[in-house]
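Chains as they are written, first to last, in numbering that gives the first Met the number 0: chain A, 0 to 322; chain B, 0 to 322.
Treat the hints loosely; a few may be bogus.
[To be verified] Negatives, chain B to chain A, calculated, CB over 10 Å:
no. : residue
1   : F47
2   : L74
3   : H128
4   : E270
[Said to hold, decoys possible] Here are the simulated PhoX-like pairs of lysine-lysine, each with C-alpha atoms no more than 25 Å apart in a straight line:
no. : chain 1 : residue 1 : chain 2 : residue 2
5   : A       : K262      : A       : K277
6   : A       : K321      : B       : K158
7   : A       : K321      : B       : K22
8   : A       : K160      : B       : K50
9   : A       : K160      : B       : K22
Don't read these hints as lab results, they were simulated from the structure. Virtual Cβ for every residue (Gly too), placed ideally from N, Cα, C.
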Amino acid sequence: MTLKKKDHLELYRQMVLIRRVEERAAELYQEGKIGGFLHLYIGQEAVSTGIVSARKPEDRVITAYRDHGVAINCGISAKEVMAELLGKETGISKGRGGSMHMASVENNYWGGHAIVGAHLPIASGMALGDQYQGNTGVTICMFGDGATNIGFFHEGVNLSKVWNLPVLWLCENNQYGMGTAVNRASAVEQIHMKAEGYGIPHSRLDDGMDIMKVRAAVSEALDFIRAGNGPYFLEVMTYRFQGHSMGDPQRYREKEEVTKWEKTDPIGIYHRYLVAEKIATQADLDKIDQAVETEVTEAVEFAEASPDPGFDTLFDYMYASKE
Amino acid sequence: MAIITMRQAISDALWEEMERDPKVFILGEEVGVWGGTYAVTKGFLDHFGEKRVRDTPIAESAIVGAGIGAAMVGLRPVSEIMTINFAFVAMDYIVNEAPKMHTMFGGQMKVPLVIRTAGGGGRQLGATHSQTPDAIFAHFPGLKVVSPGTPEDAKGLLKAAIRDDDPVLFIEHAAMYQVRGEVPEGDYTVPIGVSTVQRAGSDVTIVSYCRGLQLSLQAAQQLEGEGISAEVVDLRSLRPLDMGPVLESFKKTNRAVVVEEGWPSYGVGAEVATRLYEEAFDYADAPIKRVAQKEVPLPYNQALEQSALPQVADVVAAVKEVL
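If we strip away everything but chain A, and leave its shape as in the complex, we get (with noise of 0.2 Å):
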């Protein structure tokens, strides 16, 4: 599918608003209003970006802890995501999940999962129900470089080739598992590599700062998907910006490091892109720019306003029979 001017900015306003949704929850989180803990996705928005712009309505997708741009592109509203950092019975999960567990099932977007690696199997699952069921989507399954290296990773893509699942495996290489690099925690640095050993396709994007080459490569995997051919393995080169979580003192990186990602931000990467290619004009990303600012400003206003979850709903969502 070609974009128009219009799928552009929507993509764009994508990725400012994650940017400034997460610039407003650390500060929300320095000032105690986040509790928990809070993992950025800065630096990372033209991997999810370029994911789900890519997907159909039939394709579900699901993820890790490092949730909330996935949320947000999946049609979770700003409100909704900062209610739930806040906790608030407005939130997309009802102040039960947090900030590592935002789902939105009508949005196909099934979550926000925070055991590391844990949710592979579960995709794998996911897949098996629409194969079952003679349904066309195809479960992208998102997960980190550190997530590899867990058993739980292994029988999920295992399973996924055995009953020839309409999986992607889609690992964000962002370099570091918590604090501790690929080479030093993974027997082979191109994660994509593993795939071969369940004799499953696979490819690398080296450029995951560039959503237009996210999007073609995801894109191209989807298709090779929905023809039959089983799962997928593709590896997108990352980089957070920010430390794991909050409080990360960052000790096992230098701040080099972080200076040269930085100029390959995918917000600028993008911007330039559409200026260049005079898709948009400056002045149609500064509306953007602007309308995302108030919808942020609109959206802590509304958490900071909604109620907090009753306690007499404590035990609301312990089962989903009817008593």
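Mind docking chain B on chain A? Use the hints.
For chain B alone, kept in the frame of chain A given last:
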């Protein structure tokens, strides 16, 4: 009423549910070509085909994880873990994924998954293959845990579990597949979370479940010959735990023995005894006794293993102590 074995009862429940609902399917090690390691699914593959009777790799995380994923997207999987001892390698899925999905995402997802497994000792399989860790699983809110002690309940509870919208761990006993009992004709379910009196009596209350129930019923028979009338209450479900019939019986007899095959520390007996003390302390005429496995990893040697497992004589002796 037909008299059938536990194996037949469980097999019939699976078969009838698969006939009733095309969304029900089985996945696990050796469930298909082999026909089930305990022959429960013999003939299923020929009748239902490979789509619905799925042999898996020896990979319990994938078996339960994929079950969760398929359940999330609308199917009703029965994930089989060959023995409960292997459930530990899928622990994250059983206690940390399946029971969390509904509540953690604010009610958006449900996981109508049954995890069938068999536990228990007495088969000379050594320490790693002989355990009864039921209480561990019953510790987690959100997971339903049932463990039938009769063919009638096995069939009715398994049907109820398959129709339930929440994850249910269904614990069978590996040494009980030949136990015979009356089973009602036609379709029926036994509600999850409802205890029942399996034998009426007036002098003492014996509380148990699964294989402990068989021991308790035999003990009650023997005690009757000595003029002691024991009431046997079968928990059937460990979570939700229905203390109603237990309390009612205890308030009548004022004496109780709790029988379980697992270790006593932090166990089912500890839980039941505590609740009796908390809710009916004034009715107690004697300290409540626990009959359980000796606190040791089970040995291979047959006589030694039996010496560590609870026996009918232990139940009889415990009853005499509380009288």
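Checked hints:
1. With a least CB separation of 13 Å from chain A, F47 of chain B remains clear of the 10 Å interface cut-off, as annotated.
2. A cut-off of 10 Å between C-beta atoms contradicts the statement that L74 of chain B is not in contact with chain A; the least separation is 5 Å.
3. Distance check for H128 of chain B against chain A: the nearest CB is about 21 Å away, which clears 10 Å, and the non-interface claim stands.
4. Interface exclusion of E270 of chain B from chain A stands, the closest Cβ pair being 19 Å apart, more than 10 Å.
5. For the hint pairing K262 of chain A with K277 of chain A, the CA-to-CA distance comes to about 22 Å; that is within 25 Å, so the pair holds.
6. For the given pair, K321 of chain A sits about 16 Å from K158 of chain B by alpha-carbon distance, which is consistent with the 25 Å threshold.
7. At roughly 20 Å between alpha-carbon atoms, K321 of chain A and K22 of chain B fall within 25 Å of each other, so this suggested pair holds.
8. A hinted pair counts as satisfied when its Cα atoms are at most 25 Å apart, and K160 of chain A with K50 of chain B qualifies at roughly 15 Å.
9. Distance hint between K160 of chain A and K22 of chain B is fulfilled; the C-alpha atoms sit about 22 Å from each other, no more than 25 Å.
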